[in-house]
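Quick mapping for you: the protein sequence lines, in order, are chains L and A. Numbering-wise (the working numbering), the first sequence opens with residue 115 and increments by one. Numbering-wise (the working numbering), the second sequence opens with residue -2 and increments by one.
If you are wondering where the hints come from, they were derived from the structure by calculation, not from laboratory data. Careful, some of the hints might be misleading.
Derived DMTMM-like pairs: lysine to aspartate or glutamate, alpha-carbon spacing no greater than 25 Å straight-line [as the list claims (entries may be wrong)]:
no. : chain 1 : residue 1 : chain 2 : residue 2
1   : L       : K396      : A       : D388
2   : L       : K372      : A       : E175
3   : A       : K242      : A       : E28
4   : A       : K131      : L       : D225
So the derived label-pair ranges between C-beta atoms look like this [claimed, not checked]:
no. : chain 1 : residue 1 : chain 2 : residue 2 : range
5   : A       : A453      : L       : G265      : 44 to 50 Å
6   : L       : D299      : A       : R139      : 25 to 31 Å
7   : A       : P125      : L       : P441      : 45 to 51 Å
8   : A       : A188      : L       : A415      : 48 to 54 Å
9   : A       : P274      : L       : G264      : 55 to 61 Å
10  : A       : H412      : L       : R178      : 45 to 51 Å
11  : A       : T183      : L       : S363      : 16 to 22 Å
12  : A       : P274      : L       : A142      : 46 to 52 Å
13  : L       : G367      : A       : H393      : 35 to 41 Å
14  : A       : S390      : L       : G265      : 26 to 32 Å
15  : A       : E213      : L       : T433      : 22 to 28 Å
Where is the CB? At the ideal position from N, CA and C, for every residue including glycine.
Read off the chains here:
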Amino acid sequence: MSDRKMKMLWLQGASCGGCTMSILESGASGWFDELRQSGIELLWHPSVSEETGAEALDILEAVRDGRERLDVLVLEGSVARGPDLTGRFNMLAGTNRSIYHWVSELAPLADYVVAVGSCAAYGGIPAAGSNPTDAVGLQFEGTDSGGALGGGFRSRRGLPAINIAGCAPHPGWIMETLLALGSGDLASGDLDGYGRPKFIANHLAHHGCSRNEFYEFKASAEAMSERGCLMEHLGCRATQAVGDCNQRSWNGGGSCTKGGYACIACTSPGFEAAQNYLETAKLAGIPVGLPTDMPKAWFVALAALSKSATPRRVRVNATSDHVVVPPTRPSGKRAP
Amino acid sequence: MTRITVGPFNRVEGDLEVRLDIADGRVARAEVTAPLYRGFEQILEGRPPLDALVIAPRICGICSVSQSVAAAAALRAAMAVDAAPNGLLATNIAHAAENAADHLTHFYVFFMPDFAREAYAAQAWHAPATERFKATHGSAAREALPARARLLEIMGVIAGKWPHSLAFQPGGTTRAIELGERIRLTSIAAAFRGFLERVVFADRLENVLALSSAHELDRWREGRGGDFAHFLRIADALALADLGKGTGRLMSFGAYHDQEGAHFRAGVLSSSAQVAPLPLGQITEDVSHAWMRDTSLDPAESSTVPDADKPGAYSWCKAPRLAGQPVEVGALARQAIDGQSLIAALVAESGSNVRNRVIARLIETARLAVAIESWVKALRLNEPFCVNARDISDGHSVGLVEAARGSLGHWLAVHHGKIERYQIIAPTSWNFSPRDADGVAGPLEQALVGTEVGDAGARAVGVQHVVRSFDPCMVCTAH
């Protein structure tokens, strides 16, 4: 595909539009320039394309009728199947048909189908609670296989939907995935069991966390805006959630944990089903959600040991909102 | 009389369907449909109150901070807690950055590209408008999108990320700002001012904000570069001040609260030209033409129960009313009610219309840039940014803020430590409401009447200008 343009159609389902807001941050001279430079042709995007109404429908119908090639179909937002599988909670205006219908019809025509955001991937926030609109992802309903296209769906190139999870995903995750498709570098073996690109999902959100020293010593923040580790008391799931979140800069240098609040595992299917996000669920004083692949007994033993070895600086700063004790040598002099 | 349907209606946030009855080449009657319902109010019911801070912002990716701030304000009122003053300032900085970014996105990505349409190919101004504003191709986006991204770096400092942050809490914000970070905020604010003064206004912000009449604006823009003057010339050529006339009733909940009150004041402005206090108790939501069951008119008492087969209904949006009347909300309302000199003069002269709505957004953007600078300076770095909030077991409260597109309210009822009811009235719920029980049309439905369609039918570009001049957020509308 390298010497021809990759044609991309972007649709929004039961969406907040936040994934589009994220991608509009991409590109040194703006996303539109970046797309052109990368050989991606936007057939239509609801937020940015000129065509509206009948002009937009002409494009969708040309794709549907095979008059226009579709390399990549992007869906942002979950697929609202309700009520009673009619999809009427989310109609594509002017067509008298639901997004559920349109996505089901267009997905088999695409070389690749990409779910941008946790809603399109797994159902996401609209699927929370009683799931009033029967919202699902393209091939998942939470952690269960299924969804709008069914677990067995494969696009024309033989791949399942590629799930760029996150709420909202980092703009780099979206562009890098699209460009990897364009260069032919993303095969089904490059996706994890939930359809997420491994180059993102082989990391944990915890990796690179700026609070790492506090984590090592289990020096924990007890209230919002304190500097300590957010895992023990304030709900942080970064040691269990996939994503290279803390190895990237969000909006020029941030991340959730840098921002002072817990990772809520927004890259995980079913994250919307949790409650009390900013409070750590515990059993007998021990967090229920322990780091991925760490035996509980080890965690408890290490936590006890590291707590007992915590330097005063780390302990005091953990429950302060500013650095109270700067790095010092045992002699009392500032670190050089 | 012929009926046409316009949709999918793009370059708005979300999707929209407009049905128009055309007589003698003009719109005689309009019906506006919000085609998406997700059920956020149902999703929030039964959850712990603080979960609203996770769920509510995800109503909207473009005004996520506004939704966060409204939820935090409702929770703060229910908890009877005072936020840390620094937290209020940091919230205002981030909220203003979002609103300014939204105004830029609207101007450059949603609204201006319509002037590059082929329908205007015969106009003398079409070629420069196309070079500058054509959708995904114009030169302006190459400057505006990076400027927007740079402005949103404020979120990286204060809010961790955007959209969808948990930084905005009842007690303040979750991250204390240090000196280096304050300097970064100052630099971002300076870069934003630089963009506005170089690219948008081609003048100092203070000079723009000193304008106080249509006459002064006309003189100011003569021979001036910049995208604002570019728009003003097109607006004159197309008589956009005569297009999309509003109802004349404007409302603002007041915006950017700190210890001294609201930076932009609250109120209601009707044709009497006197700003009246906001009669908060007179806000109702009518569902006569919405696919919703009737529960209560009072948002503090109602719940949301969808009914897709309801006869006579045509939108997922309820019809909010103030003292029984539709009102228009947004930057024009906010600035007119706050008494901003130019906008107050334009509204007194020609009311709400396509041109004035766009001018108000850009004038507000200039004011926000100045406000951000002052709030960054006002942070007291050695004092707290967040105080501990208390648990709530029972209570009723309301959180009122202004999002970029207008007044946003969250009505919260907590019982036995769980959310019993959560009702949200978003800006575009007001502006794009369907008819009410008296058959009174919503603000957009009224503003579309009389718009010339000619032979273009559903492709009529005037309809596009009117709809987009409101900067609708359809994902918020029915939520």
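To see whether the hints hold, each was checked on the structure:
1. K396/L <-> D388/A: 18 Å, holds
2. K372/L <-> E175/A: 13 Å, holds
3. K242/A <-> E28/A: 16 Å, holds
4. K131/A <-> D225/L: 29 Å, violated
5. A453/A <-> G265/L: 44 to 50 Å: Cβ of A453/A to Cβ of G265/L: about 46 Å, so the range 44 to 50 Å holds.
6. D299/L <-> R139/A: 25 to 31 Å: 28 Å, holds
7. P125/A <-> P441/L: 45 to 51 Å: 58 Å, violated
8. A188/A <-> A415/L: 48 to 54 Å: About 50 Å separates the Cβ atoms of A188/A and A415/L, which means 48 to 54 Å holds.
9. P274/A <-> G264/L: 55 to 61 Å: 56 Å, holds
10. H412/A <-> R178/L: 45 to 51 Å: 49 Å, holds
11. T183/A <-> S363/L: 16 to 22 Å: With a Cβ separation near 19 Å, T183/A and S363/L satisfy 16 to 22 Å, so the hint holds.
12. P274/A <-> A142/L: 46 to 52 Å: 48 Å, holds
13. G367/L <-> H393/A: 35 to 41 Å: Since G367/L and H393/A have Cβ atoms about 40 Å apart, the given range 35 to 41 Å holds.
14. S390/A <-> G265/L: 26 to 32 Å: At 43 Å between Cβs, range violated.
15. E213/A <-> T433/L: 22 to 28 Å: 56 Å, violated
In this structure, the earlier hints numbered 4, 7, 14, 15 are contradicted, and the remaining ones agree with it.
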